[in-house]
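Here the protein sequences come in this chain order: A and B.
Under my numbering, the first residue of the first sequence is numbered 1, with each subsequent residue one higher.
Under my numbering, the first residue of the second sequence is numbered 1, with each subsequent residue one higher.
The hints are simulated quantities; they were obtained by calculation from the structure and are not laboratory data.
Heads up, none of these hints are tricks.
The following label-pair restraints were derived from C-beta to C-beta distances:
1. A/Thr53 with B/Phe187: 37 to 43 angstroms
2. A/Ser25 with B/Ala319: 48 to 54 angstroms
3. A/Leu115 with B/Thr308: 20 to 26 angstroms
4. A/Arg140 with B/Asp68: 20 to 26 angstroms
Each residue gets a CB set at the ideal place from its N, CA and C atoms; glycine is no exception.
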Amino acid sequence: MLDALPRRRVLRLRPGQTGTLVAASVLAVAILACLLAPALWPLDQSAVALDQTRLPPSWAHPAGTDDLGRDVSLRALYGLRVSLLVGAVAALVATVIGGIVGGIAGTLGGPVDRLLMRVVDTVAALPHLLLGIFIVAMLRPSLGAVIASIGVTHWLSTARIVRSELLSLRNRPFIDAAISGGAGRRRILTRHLLPHVLPRLALATTLMIPHAVWHETALSFLGLGLPPHLASLGNMINDGQGSLLTGAWWASIAPGAVIVVVTLAIAALAVRWREYLDPRVRAELQL
Amino acid sequence: MSRRFAGAGRVVRRRLLVAVPILVLTSIGMFALGAASPIDPAKQYAGSAAFTANPEVLAQIRANWGVDDPLPVQYLRWIGNLLRGDLGWSTSRHEPVASVIAARAGWTLLVVSLALAIVLLASLLLGALAAYRRNGIFDRTLRAAAYAVEAMPVFWIGLASIAVFALALGWLPAGGLTDVTASGTGFGDVAHHLVLPVLVLAISQAPWFVLFVRDGVADSLRDDHVLAARARGLPGRTILFGHALRTALLPFLTLIGTHLPELVGGAILVETVFSLPGLGGVTVQAALGSDFPLLAAITLLTTAAVLTANLATDLAYAAADPRIRLDA
Chain A
1 MLDALPRRRV
11 LRLRPGQTGT
21 LVAASVLAVA
31 ILACLLAPAL
41 WPLDQSAVAL
51 DQTRLPPSWA
61 HPAGTDDLGR
71 DVSLRALYGL
81 RVSLLVGAVA
91 ALVATVIGGI
101 VGGIAGTLGG
111 PVDRLLMRVV
121 DTVAALPHLL
131 LGIFIVAMLR
141 PSLGAVIASI
151 GVTHWLSTAR
161 IVRSELLSLR
171 NRPFIDAAIS
181 GGAGRRRILT
191 RHLLPHVLPR
201 LALATTLMIP
211 HAVWHETALS
221 FLGLGLPPHL
231 ASLGNMINDG
241 QGSLLTGAWW
251 ASIAPGAVIV
261 VVTLAIAALA
271 VRWREYLDPR
281 VRAELQL
Chain B
1 MSRRFAGAGR
11 VVRRRLLVAV
21 PILVLTSIGM
31 FALGAASPID
41 PAKQYAGSAA
51 FTANPEVLAQ
61 IRANWGVDDP
71 LPVQYLRWIG
81 NLLRGDLGWS
91 TSRHEPVASV
101 IAARAGWTLL
111 VVSLALAIVL
121 LASLLLGALA
131 AYRRNGIFDR
141 TLRAAAYAVE
151 AMPVFWIGLA
161 SIAVFALALG
171 WLPAGGLTDV
181 TASGTGFGDV
191 AHHLVLPVLV
201 LAISQAPWFV
211 LFVRDGVADS
221 LRDDHVLAAR
231 ARGLPGRTIL
241 FGHALRTALL
251 PFLTLIGTHL
261 PELVGGAILV
271 ETVFSLPGLG
281 GVTVQAALGS
291 DFPLLAAITL
301 LTTAAVLTAN
311 LATDLAYAAA
321 DPRIRLDA
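Extracted from the complex, chain A is given alone in its bound form (with noise of 0.2 angstroms):
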């Protein structure tokens, strides 16, 4: 009996999904080797190897080691560690801000949805790099500013992605439908429109992953980013800059590769993810 049924195969690989294979692999290799590092290779941030600065790349040191003669591959690593977990954390802080604003929008109308969605408009009129570095100069830079940078900053699309959504969920069938079997406010809310907005508010969070990364990565590179202990990809890149300019490219151009391909992986997944939840998107584009 269970036999007849059609097996359903996990891994069903279409032409023109080989980009979502390599994403899928980069991305699961990363976040391996993130959570593994600690375990497997320790570092001590501040051990110093006077007596090997600048080496260029070689099989004892894939990307060379810095001007401290610290092995950037290494520390490559860890600041991919700190990156990627600043970037998590401040893209679920902006999909909370944007997930709040745009719930009340959405589920309200009227006069407060209009007043919302110009304070939208707003902040996106406002060069956002120079908020962001605003922000952190007054709170001074760490962590916290970092991630509150991001989160002032970054909420906008996730808010008009939840308005519209509810938006066209209001005036569908089924809620007209629960609204006659005598469904509450509260029953309509978390029964009917929660879960079709969860979706998106997860793809949206998945989407701004990237962008919180660039951010941050732009704040250290100014030096205005994270403190030194919890160096990131960006610190990296303008730590090494002074090699750079003295013939050792790999200390500023490695960690920056390592930006561009995961953050890559990331926006592709996250854009099949999007084609999975909305086929009509996948259709126009593939005309």
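Given chain A's structure and the hints, the job is docking chain B onto it.
Chain B in isolation, oriented as in the chain A frame:
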């Protein structure tokens, strides 16, 4: 023509009705952050002398500056000074904020507008060509490149370009505005120094514009009027640039305005990488020194500039599309 702009005055007024509250709210938010900041302006002014200074002197400085007044009073004084054109005193550069900005805004504006001009020209050309043979080799290569560049931090592109073009090949200078030996800012010298920064900024901003033009043109190539143009036997180039691109241009125009904040952020980073004497470097310096007057003035002025540019693109939209009536 005059009827088309009949509502321009009203649009400007309506935009101002939004822009002024934006600026006021932004300034209040910034002032609140500045007030919440743990930095004591009197101690900051005194520097290391604060440790040895007579407490009475510090108290006198505080009283002179009115930093212990109620916050609304301080806010109104600050805003009042700004409106009268007194931007205050930069604590990190020890000169008036107005002269810091006046000396540098021009270079930033030059870099940003050159980069924007290149981005617009390149994206219109490349986007239209990619759309003409959709999913062809050129289209796919361009889109892959656009996604890749979009993931690259602009300062990383800048550093890589310095490593390749300035250090390895020695074609272009690695930074600065003029040669160390130069006594003034000669045109050729400055142009030579601006090639890399402007191109790096343009390349980092291009993906978004290229993809937008490509999608827009791809859509309008399926429009009826393009079909009609094909039926009349017009050559492909005329159809692409004269018919399809023209329709796709309209939404593009307003979106340039919405993308300006992004361009400002890119300019700050590029100026830092190439040590250009624009507002970017001075912004970072002000941020590191917690220089509220300078940082707040730069942020507010930039916001005002972006809002003005948004208004300009809206008016340009009406000028470009006869169907848009501003008084509607």
